[in-house]
Every structure is written in structure tokens, then in C-alpha cells.
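Take the sequences, apply the hints, and build the full model.
Residue numbers (my numbering), protein chains in the order written: chain A, 1 to 144; chain B, 1 to 232.
It is worth saying that the hints were derived from the structure and are not from the lab. The beta carbon of each residue, even a glycine, is placed where N, CA and C say it ideally should be. Accuracy of the hints is not assured; some may be wrong.
No farther apart than 25 Å at their CA atoms in a straight line, the calculated lysine-lysine pairs in the BS3-like style are these [unchecked claim]:
| id | chain 1 | residue 1 | chain 2 | residue 2 |
| --- | --- | --- | --- | --- |
| 1 | A | 137 | B | 47 |
| 2 | A | 29 | B | 170 |
| 3 | A | 100 | A | 134 |
Output of the computed footprint for chain A on chain B, the stretches with three or more beta carbons under 8 Å from beta carbons of chain A [as the list claims (entries may be wrong)]:
| id | segment |
| --- | --- |
| 4 | 34 to 47 |
| 5 | 51 to 61 |
| 6 | 77 to 83 |
| 7 | 113 to 124 |
| 8 | 183 to 192 |
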Amino acid sequence: MFSKSSISRLKVFFLFFFFTILVIFFVYKNIKKNSVYFYSPKQVQNLNNMPSAPVRIGGLVKQGSIKKNNGIYNFIITDLNNDIFVEYKGLLPDLFIEGKSAVVEGYLKDKKSFIARTVLAKHDQNYMPPEIAKMLKVKTENNK
Amino acid sequence: MFEIFRPRVFFNLANSSLFWLKLLFIISLIISLSFALIFSPIDYLQKDTVRIMYVHVPSSWISLFIFLIIGVSSFISLIFRIKIFSVYAKTLAPIGFVFSLISLVSGSLWGYPTWGTWWSWDARLTSMLVLVLIYFIYICTWNLIKNFNTAEKITNIIAIIGLINLPIIKFSVNWWNTLHQPSSITLSSAPTIHVSILAPLLMMFFTLCIFSLIIFLIRYKYEIINFRINKK
Chain A
1 MFSKSSISRL KVFFLFFFFT ILVIFFVYKN IKKNSVYFYS PKQVQNLNNM PSAPVRIGGL
61 VKQGSIKKNN GIYNFIITDL NNDIFVEYKG LLPDLFIEGK SAVVEGYLKD KKSFIARTVL
121 AKHDQNYMPP EIAKMLKVKT ENNK
Chain B
1 MFEIFRPRVF FNLANSSLFW LKLLFIISLI ISLSFALIFS PIDYLQKDTV RIMYVHVPSS
61 WISLFIFLII GVSSFISLIF RIKIFSVYAK TLAPIGFVFS LISLVSGSLW GYPTWGTWWS
121 WDARLTSMLV LVLIYFIYIC TWNLIKNFNT AEKITNIIAI IGLINLPIIK FSVNWWNTLH
181 QPSSITLSSA PTIHVSILAP LLMMFFTLCI FSLIIFLIRY KYEIINFRIN KK
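Spelled out as C-alpha cells, the structure:
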């Protein structure tokens, strides 16, 4: 069906293809180890030495933890087991809501406290009209 | 079956179908835009910002899909020396480039009110920027190298290498922690978008697909004439 030259080109192609896949596999494994966009609170607890460079931490904003005094916000980022106390001075994004996820960027003071430079709200993959959201909320509260 | 890939047959098909495609596009645009902007409800958290998604998501899908076609055509052209597939790839490139730019810009406009930032170097955003750059290099190579045969080979190789980026974009939200949310519409489970928001999204996707097809056919007529003239 294919001409001889096509088949020889195909062979060369697959040889290159195989090696490229191999290289990418190793690069990918390395990147996955070394580059993290954000740490989870659990990963912070497992850190051996405190990073001096700014880091990002992502997790849920704990229910009822947002407090404001003198323009400084205090809240807790949690993965439901480990809590990190965050201090932040500035404006919060609209979608920064208790019980939803957020990413904070700044410096770790120690394993329990964090000074945020930037606060980013993370949106999840759920989209629905407000009426449906209200209905779902009533449903889950009834189940409790 | 392969008759359709012959330039003359395809050219005539393009000519005869363009009018009907344009008509279909206008009707579909009116319906999907009125659903996207007026009839669809607001999101419970994002409010009206959710409407940016009706442009953002279809543009991203189309830009990825077009690059997939460019990659596969380049493969066929490079290995089996069927030149017409390079013409297809060359024709599609600017369309995909524009859609990938729309995706980045609209995503940025959505990101500022939602996340609180225009741009962040997370895996999804960075890999999408890489796609834009690959498109840019691909188009530049076609324009800078005047000899068709040389340009064809180099762009084919660029496109095939660029294919590697596609699974990285698709799965970046699963492989890494990203600021960008994971996919709402997956093959394995039910979509996490309510049907009243999902329907306008799919309509807009259909409309923009028709739009891409129209631009492709118009550009194809130009590129194939160009190709024929240069061959002589």
C-alpha cells in the first residue's frame, strides 16, 4: 500500500518518536518533583527546612475563620486536618468565601503561620444558577 | 472516498457550500448569543462573569482541536509526501492562533474578577501560552521561508513537535496543582455544569466551529491558488 520510501521515513520517524517520548518522560518526572504551583497545608507540615523565598499555599478557607481588624485580615487555610494561620493586608477577591478554596502567596513564618502578599480565590469546576445552588444547600442541610 | 481530498473537488465543494454555511452561521450566532447573553441564568458565585466562559471555553477547544489537525496533517505530509495536507495545515494555522489568543485574553479578563489576578504562572496558563508561541513560530516560518518545499518540511517538524504540548495542556490541571479549575466536562463522568449553563456553551461551540470552517474554506481557496501558481 505504501511506497518503500514512505516506509523508511516512517521507521526513522518512529525511532525519533520513541526517543522523544523517553526524554519527555524523564523531563516530566523531574519537573513534577521540582516545580509546584502551590503546597497543601499537609506538605507544609512535612517540610524539613523553612523556605526563605516566597511560596504559595492552597486549601480551603476554614468556616468562620475570617476576621478583620485595623485593615488586616486573619483567616485559616486548611485541608481539614492541618491548619495554617494567614495574615493579610489588602483587598480580598470577590470569590474569596469561607468554605471555598483559595491560594495565598507570601512568606512562611513557621509551619503554622503565614504572611500573605497576595490572595487568590480558586474557582471550582461547578457552575449552576443561584436557585439550584440554594436547593442543593437546603438538601445537604436536611441530610445532616 | 479520498476523492474529497483532491484540490479540484474540494475547491468546488467549498464554493458551493460557502453560502449555506454563512447562512447557518448567522442563524446559529443569533440563537446562541441570545441564549448566552440574555436567557441563560447567572452563576451562583461568579454572577454575570460566567458569561465570559461562553467565549473562553469554545475558543480553547477549537484552538487545541485545530492544532491537532495541523499536527496530523503535517505527519501525513512529512511521511507520505502528500503536499495538499501541508496546505490544509498552513490554512488552519492563523485561525487556531487567533482562537488561542482569544482564549488567553478572555481567560485573563475572567481571572481578574474571579481569582484576583490577570495572570499567574500555573501549569495550564503557561502551557497555553506555549501553544500561542508555537502557533506564532509556525506561522512565521511559513511567511519567512519563500521556497514552498523547504518551508513545508520545517513547519511539518514544528507542528509534530508542537503536538507534544497538547496532552500537557489537557492534563495540566490533573497532573499539577493549578489555579485553573479542572475540566467540568469529561468523558468519564457527568458534567459539573448545570444544563441551563451547559446548553449555551455547546451552542456557542457549534457556532464558532461553523465560523472556523467558513474562514478555513475562504483561506483554503486563496492558499490553493497560491500553491498552484508557485508550482509552475
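- Item | Within 8 Å of chain A (C-beta), three or more residues of the segment 34 to 47 of chain B | holds (count 6)
- With a cut-off of 8 Å between beta carbons, are at least three residues of the segment 77 to 83 of chain B near chain A? holds (count 4)
- Message: Closer than 8 Å Cβ to Cβ for three or more residues is the test here. Does the segment 183 to 192 of chain B pass it with chain A?
- Response: holds (count 3)
- Message: Using a Cβ cutoff of 8 Å, are there at least 3 residues of the segment 113 to 124 of chain B near chain A, or does the coverage claim fail?
- Response: holds (count 9)
- Task: Can you take a look at whether the segment 51 to 61 of chain B is actually covered by chain A? Rule is 3+ residues, C-beta closer than 8 Å.
- Result: violated (count 1)
- Hint consistency between residue 100(A) and residue 134(A) [alpha-carbon to alpha-carbon, up to 25 Å]: 16 Å, holds
- Item | Straight-line alpha-carbon gap residue 29(A) to residue 170(B), limit 25 Å | It holds: about 17 Å lies between the C-alpha atoms, which stays within 25 Å.
- residue 137(A) paired with residue 47(B) [C-alpha distance capped at 25 Å]: Cα-Cα ~18 Å, so holds.
Going down the numbered hints, you'll see the structure goes against just number 5.
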